[in-house]
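J.: Hey, can you work out the whole structure from these sequences and the hints?
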Amino acid sequence: MPSWAEFQPYIVTGLALGGLYALSGVGLVVLYRATGVLNLAFGAVGAMGAFIAYSIIKAGNPGWVGWITCILFAGVVTLGYGMLFGPALAGRGPLVQSISTLGLALVLFGAIDLAWPTSGGQSPSISFPTDNGGFTVGQLQVTWTQVIALGLGIVITVGTGAFLRYSKLGTAMRAMANDRVITATLGVPIRRVEAAAWLGCGLLSGIAGIMLADLSALDDTTLVFTVVISSLAAALIGRLRSISVTFVAALVIGLVHDLITPITQLTNYQDMTPFVLATIALLVMSRGQVMTRSREEG
Amino acid sequence: MNRSVHWRTRTAAAAAAALSLGVLAACSSSSSSSGSAPASSSAPGASSAAATASNSAATGTVSTSSCGTKPGVAATGTPINIGAINTKQPGTDFSDIENMTGAYFACVNANGGINGHPIKYFPVTEQTSPPQIASLAKQLVTTDHVVGIMGNSSIIECSVDAAYWKSVGIEVLGAGIDPECYSTPNTASVNMGPRYSSDGAVQYVMAQGASKIAFDQSNVPGTAYIAAGPNALAKAKGVPIQDFTENVPITSANALATKLVTAAGPSGAVVLNFTPPEALLILQAAQKLNLENRVKYWACSTPCNTDFLATSLGQKWNNKLFVNAELLPLDGNTTQTAQLFDAILKQYGTNVSGGVGSFSEMGFTIGEIATHALESVTGPYTIASVSAALKSVSNYNTGMLCQGYTYGNYSLHIPNNMDYTVTPDNGKFVQASTGGGCTLISADDPQIAAYRAAAGTAPAVG
Numbered sequence: 001m002p003s004w005a006e007f008q009p010y011i012v013t014g015l016a017l018g019g020l021y022a023l024s025g026v027g028l029v030v031l032y033r034a035t036g037v038l039n040l041a042f043g044a045v046g047a048m049g050a051f052i053a054y055s056i057i058k059a060g061n062p063g064w065v066g067w068i069t070c071i072l073f074a075g076v077v078t079l080g081y082g083m084l085f086g087p088a089l090a091g092r093g094p095l096v097q098s099i100s101t102l103g104l105a106l107v108l109f110g111a112i113d114l115a116w117p118t119s120g121g122q123s124p125s126i127s128f129p130t131d132n133g134g135f136t137v138g139q140l141q142v143t144w145t146q147v148i149a150l151g152l153g154i155v156i157t158v159g160t161g162a163f164l165r166y167s168k169l170g171t172a173m174r175a176m177a178n179d180r181v182i183t184a185t186l187g188v189p190i191r192r193v194e195a196a197a198w199l200g201c202g203l204l205s206g207i208a209g210i211m212l213a214d215l216s217a218l219d220d221t222t223l224v225f226t227v228v229i230s231s232l233a234a235a236l237i238g239r240l241r242s243i244s245v246t247f248v249a250a251l252v253i254g255l256v257h258d259l260i261t262p263i264t265q266l267t268n269y270q271d272m273t274p275f276v277l278a279t280i281a282l283l284v285m286s287r288g289q290v291m292t293r294s295r296e297e298g
Numbered sequence: 001m002n003r004s005v006h007w008r009t010r011t012a013a014a015a016a017a018a019l020s021l022g023v024l025a026a027c028s029s030s031s032s033s034s035g036s037a038p039a040s041s042s043a044p045g046a047s048s049a050a051a052t053a054s055n056s057a058a059t060g061t062v063s064t065s066s067c068g069t070k071p072g073v074a075a076t077g078t079p080i081n082i083g084a085i086n087t088k089q090p091g092t093d094f095s096d097i098e099n100m101t102g103a104y105f106a107c108v109n110a111n112g113g114i115n116g117h118p119i120k121y122f123p124v125t126e127q128t129s130p131p132q133i134a135s136l137a138k139q140l141v142t143t144d145h146v147v148g149i150m151g152n153s154s155i156i157e158c159s160v161d162a163a164y165w166k167s168v169g170i171e172v173l174g175a176g177i178d179p180e181c182y183s184t185p186n187t188a189s190v191n192m193g194p195r196y197s198s199d200g201a202v203q204y205v206m207a208q209g210a211s212k213i214a215f216d217q218s219n220v221p222g223t224a225y226i227a228a229g230p231n232a233l234a235k236a237k238g239v240p241i242q243d244f245t246e247n248v249p250i251t252s253a254n255a256l257a258t259k260l261v262t263a264a265g266p267s268g269a270v271v272l273n274f275t276p277p278e279a280l281l282i283l284q285a286a287q288k289l290n291l292e293n294r295v296k297y298w299a300c301s302t303p304c305n306t307d308f309l310a311t312s313l314g315q316k317w318n319n320k321l322f323v324n325a326e327l328l329p330l331d332g333n334t335t336q337t338a339q340l341f342d343a344i345l346k347q348y349g350t351n352v353s354g355g356v357g358s359f360s361e362m363g364f365t366i367g368e369i370a371t372h373a374l375e376s377v378t379g380p381y382t383i384a385s386v387s388a389a390l391k392s393v394s395n396y397n398t399g400m401l402c403q404g405y406t407y408g409n410y411s412l413h414i415p416n417n418m419d420y421t422v423t424p425d426n427g428k429f430v431q432a433s434t435g436g437g438c439t440l441i442s443a444d445d446p447q448i449a450a451y452r453a454a455a456g457t458a459p460a461v462g
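In order, the protein sequences belong to chains A and B. Here my numbering is used: the first residue of the first sequence is 1, the next is one more, and so on. Here my numbering is used: the first residue of the second sequence is 1, the next is one more, and so on.
A couple of the hints might just be wrong.
Computed, partial: chain B to chain A, Cβ under 10 Å [said to hold, decoys possible]:
1) ILE250
2) THR251
3) THR258
4) THR262
5) GLU278
6) THR350
7) GLY354
The calculated SDA-like cross-link candidates involving lysine to any residue, where the alpha carbons are at most 20 Å apart (straight line), are [unchecked claim]:
8) LYS296(B) / GLN141(A)
9) LYS320(B) / ASN132(A)
10) LYS58(A) / GLY314(B)
11) LYS58(A) / GLY355(B)
Treat the hints as calculated values from the structure; they're not laboratory data. Ideal Cβ positions, reconstructed from N, Cα and C, are used throughout, including at glycine.
T.: Written out as structure tokens, the structure is:
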């Protein structure tokens, strides 16, 4: 077993990844609460935005042009999907609604592979100016990008929480999460509220996509599936309702995933981290519910 | 209560949807994993000796007309059918190899062909499915009536088809990846493959004084076979070595880079055997965290030898990262071979999507050797006559390899076992100034020793 000192560097890398998982998880939860759709295309949209940003930057444009394009692209595509298919699928069950987003994910996944083939051994990448700056804590090197990743996770979580609690639009979203029909009866423009949720989710997927392209990899499989699974696991631990629990769960997933790295016996199993933690959390929570219902019925 | 049940239903449905994504990702990940076996693939190299051997025109005077015996005269005889199988799937695409071999054949066809016969090329692609690969092999032989297989490069093709090729008497010329490409009698490769290329990288850093090795590769089938080579070399020199394998695609490169640097220590070396995208991730992560100088050396097997990687890394890695190179380094190279490569790529290589690189160099070298062998056939072109011609190739100077190329009649084939070492130099890879010239892979690797016992040691050309 490695010593505590050997574990320390992985706290930094794990928190940075966890911050982005949190940001992604919050985006998933907000959309789910407002529309009932678990957006499985979250990673694919961000991934395509990141690849577009890569091409823009490679063509000689300033980095910020690529980053903003990525975020806007993700927002527009997600909003477009929501507006086009959302109403038609609104009457279907949550499983159908969620799986339909998987269709979008696969279309984008194929498009990325066609537009940015990997032949010839070339590998696209995105880096931020903040990669080359940072500070050291003891023996640990911390880059500004890592700080930004964690900071974004915190800011987005707190900001979204405040938005849902204090803004009119946020209140409408919470109302729709409870009962869509009653909310509509009360005169809330549900299409507009849903559009806002789709757009917000899309913008967050763009931010997550561009950040993960730097911190993790500009790789379609990684961005479309592997990383997003961690965010989904965090959202599920938060029962797709609590953004604060989602945030904490995402940080824990990121931390545990990276802290396993120096344990050579477990390294090849570290990708199981989100599944294992989500399973444990859901089992524990459902056990609590069973006990509560037993008491109520008893 | 209703609300709670409603949420539970929705959450359960969402969980089911998420699970389906997980399963999908697992499938995708597995294809990508296999994809990185190529990482293990190996390829290019360098050769000033070979370069010098064919160096006569330093001013760009070689054109595509020199790839055939009758410049400008299209071949019109009975076609010679040749096939090839390459892996082409998301994350792993070796088709530039057969595409470049096809470009070479197109050049030959436009300039007299093979004794007047054009080569009809049947390049096919597979997606790492053994039944599909076995079926493609049979299709090439029974439907397309190929008389030779030249240009293969696949993650598992050698292991799937080795017995079939032997049963129909076909000798295969390709760019190998899996162990059977080097350890069976009916297949020989122009490249060294992941094991011997990793040997070269480990051998180099040990020669430069690294006191410990952290050897890392993608977690794909065959890693134990690959690691056996570097471990044998390190053990023979008394240098401690620690093996790692990583699931690909890598999702936390920062943590991984930290682990490797910690394992190697300040006087040690990190040696990577990955595809360029994964290797680049690790190296860039090390750079971001200022870890590049926390070890004495970084090294890579051949796949890292692409200018794209050198450009992406920047100057910090000049003379810090050393990459095994199996084929002629083309940057600034003006040998006749290099010029012919450029000319063919420009005129016939429109479908070689990666342009100049290890894969296209391998395809070119296969084209050269195949053409040389086919030209030696005097009677009809049959499986037997083409296989015999291939086996007769001996000490042929391709201008791309350190050594003359010998196919021969051996139970195993590692004809390329002498390599160069290159290092980044402001966005290009150049031959390392210290010990970067043609160097024999050590016979401390028992497979190399076995091959040399059977085939001898081919000297450097030039």
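J.: Now look at each hint and say whether the structure bears it out.
T.: Okay, the hints, checked on the actual structure:
no., hint, verdict
1, ILE250, "holds (6 Å)"
2, THR251, "holds (5 Å)"
3, THR258, "holds (5 Å)"
4, THR262, "holds (6 Å)"
5, GLU278, "holds (8 Å)"
6, THR350, "violated (13 Å)"
7, GLY354, "holds (1 Å)"
8, LYS296(B) / GLN141(A), "holds (19 Å)"
9, LYS320(B) / ASN132(A), "holds (18 Å)"
10, LYS58(A) / GLY314(B), "holds (16 Å)"
11, LYS58(A) / GLY355(B), "holds (17 Å)"
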